[in-house]
Each structure stands twice: as structure tokens, then as C-alpha cells.
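Chemist: Here is what each chain is made of, one letter per residue.
Protein chains: 2
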Amino acid sequence: MARTAGSHSDITGPRVRAAALKLFAEGGYAAVSMRAIAAEVGVQAGALYNYTPDKQTLLFELMESHMRELLAAFEDDPALTPTARLARFTRFHIRFHSDRMSAVFIAYMELRNLTPENFEKVEALRRRYENRLEVILRDGVAAGEFDLGDTKIATLAIIAMLTGVNTWFRSGGRLSLEEVSAQYCDMVLRSVGRTGGVLEGGAR
Amino acid sequence: MARTAGSHSDITGPRVRAAALKLFAEGGYAAVSMRAIAAEVGVQAGALYNYTPDKQTLLFELMESHMRELLAAFEDDPALTPTARLARFTRFHIRFHSDRMSAVFIAYMELRNLTPENFEKVEALRRRYENRLEVILRDGVAAGEFDLGDTKIATLAIIAMLTGVNTWFRSGGRLSLEEVSAQYCDMVLRSVGRTGGVLEGGAR
Numbered sequence: 001m002a003r004t005a006g007s008h009s010d011i012t013g014p015r016v017r018a019a020a021l022k023l024f025a026e027g028g029y030a031a032v033s034m035r036a037i038a039a040e041v042g043v044q045a046g047a048l049y050n051y052t053p054d055k056q057t058l059l060f061e062l063m064e065s066h067m068r069e070l071l072a073a074f075e076d077d078p079a080l081t082p083t084a085r086l087a088r089f090t091r092f093h094i095r096f097h098s099d100r101m102s103a104v105f106i107a108y109m110e111l112r113n114l115t116p117e118n119f120e121k122v123e124a125l126r127r128r129y130e131n132r133l134e135v136i137l138r139d140g141v142a143a144g145e146f147d148l149g150d151t152k153i154a155t156l157a158i159i160a161m162l163t164g165v166n167t168w169f170r171s172g173g174r175l176s177l178e179e180v181s182a183q184y185c186d187m188v189l190r191s192v193g194r195t196g197g198v199l200e201g202g203a204r
Numbered sequence: 001m002a003r004t005a006g007s008h009s010d011i012t013g014p015r016v017r018a019a020a021l022k023l024f025a026e027g028g029y030a031a032v033s034m035r036a037i038a039a040e041v042g043v044q045a046g047a048l049y050n051y052t053p054d055k056q057t058l059l060f061e062l063m064e065s066h067m068r069e070l071l072a073a074f075e076d077d078p079a080l081t082p083t084a085r086l087a088r089f090t091r092f093h094i095r096f097h098s099d100r101m102s103a104v105f106i107a108y109m110e111l112r113n114l115t116p117e118n119f120e121k122v123e124a125l126r127r128r129y130e131n132r133l134e135v136i137l138r139d140g141v142a143a144g145e146f147d148l149g150d151t152k153i154a155t156l157a158i159i160a161m162l163t164g165v166n167t168w169f170r171s172g173g174r175l176s177l178e179e180v181s182a183q184y185c186d187m188v189l190r191s192v193g194r195t196g197g198v199l200e201g202g203a204r
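Chain order of the listed sequences is A and B.
Read in order, the letters of the first sequence are residues 1 to 204 in the working numbering.
Read in order, the letters of the second sequence are residues 1 to 204 in the working numbering.
Calculated directly from the structure, the hints in this document are not laboratory data.
Mixed in with the good hints there might be a few duds.
As the list makes no split between identical chains, a pair holds if one copy fits it or if it spans any two.
Straight-line distance between alpha carbons at most 35 angstroms, and here's what the computed DSBU-like set of lysine-lysine pairs gives [to be verified]: (1) Lys152 x Lys22; (2) Lys22 x Lys55; (3) Lys22 x Lys121.
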């Protein structure tokens, strides 16, 4: 993080990142210049370099902070049954991502524009998040609540299914996010070998 | 399709599209110039305009032909049970997409770079493909083989899950595509209310 410390950064830094998020999501990282970001913030292009050394750093900070917020926001509760934990994870994932359309979009679209070093850091955070789900699946298998093959594959399959909601869900549509979330919850629980929608209890 | 007809187009057209596919996948549509595509093909930049009017047409043709090939490649078989048809769809989707990494990548990454008119055409083809799956799900519900909520949501959930394989599967890894495919098949069938992995037969 090569931001200049001090009160100006404290105020302008978030505005710079918000502007970069908006412009990257609209036009793509490659097509957005530092000058365009400065104009969106309302500062001179030269002044932008007080807040960030370059466009790559801005992209990395957006993707890294998205993953760190995701990790901070999901708290597993080992006191619950694996079935209940998986239902909680499912609802959490859909809700968290639906509130952050631009950040999620960039997290997937702009991975290829990270430097290899930055890519590796973001991927490590993504793997940490995936592991949170995989632990739930493993515990569910151990407890006899889930019946599935490879827990890593199941993890990736479930996350892809859930994140896909962002590509088509629009609030005000035919179904509310709660209704959509309930059906995904049902499908996810069934996909790991739970029978329909039971959130508590023992083996099937 | 504003390509010039004739033998030169017949030979060079596919090479132009192959070069555009490669470069768009590597660097993104916005960052690739017609000059770069011409260089990849091995023709002068001016000569490229004999084969395509502009970069947008190239992008659209790549995405449209990908969707048309997908639609042509999947043949549903109404003589089978809905369960068997869903299993066939699952294996087909994973196999087809794993053979076309660059085209699939572009189909998702560059949607925003289509003109509104071209976007609508590609989306119409995508909806036709989604409908193929939804028909299977509806037939399964009608036959009492599947037990699920909204068939449109289930369609989108399943396609997102299956297409996600492309983001992580690499041949030569821990599991073969066949093994991965078998587990997805199991998860998909269960997610719609079929119990584990039974490919034929009646209601659960």
C-alpha cells in the first residue's frame, strides 16, 4: 500500500477507489486511464499520484479489499449442524455478492489484468474463502449429514452456482432475492446429498 | 455478415476469426487493434477489411458462432426419461465447453463490448440454449421425477455451476474430466430432487 498518509489521503483515497471501481466496471480496466479516474474524482491527473502509485495498485486494492471484506463478513458457527452451516453460507454468499455487483464483476473480469504477484495474493484470499465452505462440507460428510464425492469439486461447483446469481438477478424482478435465495438453498443442500430443505437435524 | 464473398474470404476468413479469438482471449477486446489482428494473420492491416468491416463484427461473429455451434451440438432425446436427459445435458455441457476455453471465456468476458443490437442477438441464442435445459426440467417435474421450485431459476443455477468448471479444470490435474463430470452429474440430479446418481427409472 503505497498511499501517502495524512488527512487528504484519508478522505480522497476512498473516493479514488470508488471512482476506479465505477469506471473499471463500466469500461474495463484496460480502457480506463488515470486521467479519467482523476476527472471522475474531480482532481488533477497529477494529484492522483498522491493517493496511488499507479492503476495496477488501484485494481489490486479493489480486488484485495473485496476478498478481505468477504472473508471478514462470513462467520461460520461450528455450534450449528453442518446442514444449518451450509444453509447459512448459501444465504450469506448470495446476499453479500448481490450488494456488491461492481466489485464482484471486477473480481472476475479483471483477474487477467493483475500482475502475477498480485494475482497470486488475490487467489490466496479466494482459496481461503473456498476453504471455509470446504470445511463445512467435510464436517457434514464426517457427521453423516452429507453424502458427496470430492469436497473440493463440490466447493467449486456450489460457489460457481451461487455467484452466478449476480449475472441475472435484478431487484424488482419476478422473484425477490429472498425467494431466489431459498431455492438455491434447497438446491445446494440437495446437491450434497441432503434431502429437501431441512435445516436442522441428523443424517438422512 | 458483411464479409466479401469469394475464395480469398473462404480461406482467410476463418484465419482472421481464429486470430481474433486468440488475441481477444489473451488481451481483451478493448486492448486489441485491427492492426494486431492483421499481424497475427500475416496480412496487411488494410487487407483485413476485405474480410470484416470492423472489430465489432469480428467479436459478434465469434460470439454468435459459438452459440450456434452450442445449439447445433446438443440434441435432446425425448425418448429418454427426463433424468437421463438431464444427465446427458450435464455431460454434454461440460465436455463442449472444456473443448472451447477461449470462446467460452470471450462469450462471458466481452458481452459488455457488444453493441446493444448485437448483444440482444447473442442473448436470444443464449436464452434458446437455456430453454433446452428448462424443457428437460419441466418434463421431469411433470413426470414426477424431479421435485423443484422455479424451473427458470434451476436452469440458471445449473448452467452457472457447469460452466464454472472451465474456470478451474485443467487436464492432467488430480481428476480427469470424466471423473469431474460424473460428480457434477450426481450433484445436478440431486439438486433437482433426484436421489443420488440413478440415471434411469421413475419417481423417487
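Chemist: Now tell me if each hint is right for this structure.
Modeler: Hint check results:
1. Taking identical chains as interchangeable, the C-alpha atoms of Lys152 and Lys22 lie at most 35 angstroms apart whether they share a chain (33 angstroms) or sit on different chains (30 angstroms).
2. For the identical chains of this complex, Lys22 and Lys55 are neighbours both inside a copy (14 angstroms) and across copies (25 angstroms), given an alpha-carbon limit of 35 angstroms.
3. Proximity of Lys22 and Lys121 under a CA criterion of 35 angstroms is satisfied in both settings, with 23 angstroms inside one chain copy and 27 angstroms between copies.
Of the numbered hints given earlier, the model fails none.
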